[in-house]
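Going by the UniProt record's numbering, the sequence shown opens with residue 1, and the numbers climb by one from there.
Hints in this document: simulated from the structure, not taken from any laboratory.
Every residue, glycine too, gets a C-beta built ideally from N, C-alpha and C.
It cannot be assumed that every hint is accurate.
Said to hold, decoys possible - Distance windows between CB atoms, simulated:
id, residue 1, residue 2, range
1, Pro174, Thr48, 30 to 36 Å
2, Leu235, Asp52, 33 to 39 Å
3, Leu147, Asp82, 15 to 21 Å
4, Glu197, Ile221, 25 to 31 Å
5, Glu80, Pro18, 46 to 52 Å
6, Ala133, Glu167, 37 to 43 Å
7, Pro18, Arg263, 51 to 57 Å
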Amino acid sequence: MTVDLAPEPGIIVEEVAPAVSVVWLNRPAQLNALSSTVMAELTDALGTVGRDSRAVVLSGRGRAFCAGGDLKELYPLLSEADVNVRRLQMRAFQEVVTAIRSVPCPVVAAVNGVCAGAGISLALASDVVVAGADVQFHPTFTRAGLLPDLGSLHLWTQAVGPRRAKEMAFLPEPIGAEDARAAGMVNRVVAPGQAVEAGVELARRLAAGPRAALQMIKDIINREDQAELDASMVLESYAQAAAFSTGEVDEGVAAFLDGRTPRFGTTESEGTP
């Protein structure tokens, strides 16, 4: 007898204390990589969780917060579409960043393990970032021939300034938790494996605060740069759609899937002594 098992949801919402909810990315086997379905589920979950919660924790199941976009699914989806469909798809993906910033209560990102690519955007779109001391942030976009997306270029620049943001985008080198705190990406660094516990404790404190005041603080600070973020994401959607036409994304994704270093811009003569 064959038993059909329904797939586990990509997003789980768990109430861990009165008026405190944890929104879990729930693809541990894939290091919580973001598929199109998971991004849509996360957007929907964030749109409802703030109605009853006074504070929200965003985290990932297993040994990663989020490994970024799921290239195994997203590359075929985007590469086989025309430029305008790619642009519209990117705009749909960006809604998850807007959803985090629109939750009507504080959102605490509890970052554990690996946080790569678009996962960094999820963290920086949150209101407070708590990271385990062993966390590594990997701004990996250019390794796949892509530019940072999900609002990354704006969010990174707001967090660390334009020169450091350019370095992160140009040279995808890992950033440790303490360096990330010093740069302005992280609020608090806690012991390895304690990010969720520390994030929930902070969320409890926030939930005990004045709900209206905290919401207005969040709204006012976010409004200061919302127009710039929106404009950046519009430009980003055009640019990322165009990037898929350069051929470099094909090489970058192939290298990623093969576990090798990508060969961008090489010619036969460049490889000849």
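Results for each hint:
no. : hint                          : in the structure
1   : Pro174 <-> Thr48: 30 to 36 Å  : holds, 35 Å
2   : Leu235 <-> Asp52: 33 to 39 Å  : holds, 36 Å
3   : Leu147 <-> Asp82: 15 to 21 Å  : holds, 19 Å
4   : Glu197 <-> Ile221: 25 to 31 Å : holds, 26 Å
5   : Glu80 <-> Pro18: 46 to 52 Å   : holds, 47 Å
6   : Ala133 <-> Glu167: 37 to 43 Å : violated, 23 Å
7   : Pro18 <-> Arg263: 51 to 57 Å  : holds, 55 Å
The structure fails hint 6 only (numbered hints given earlier).
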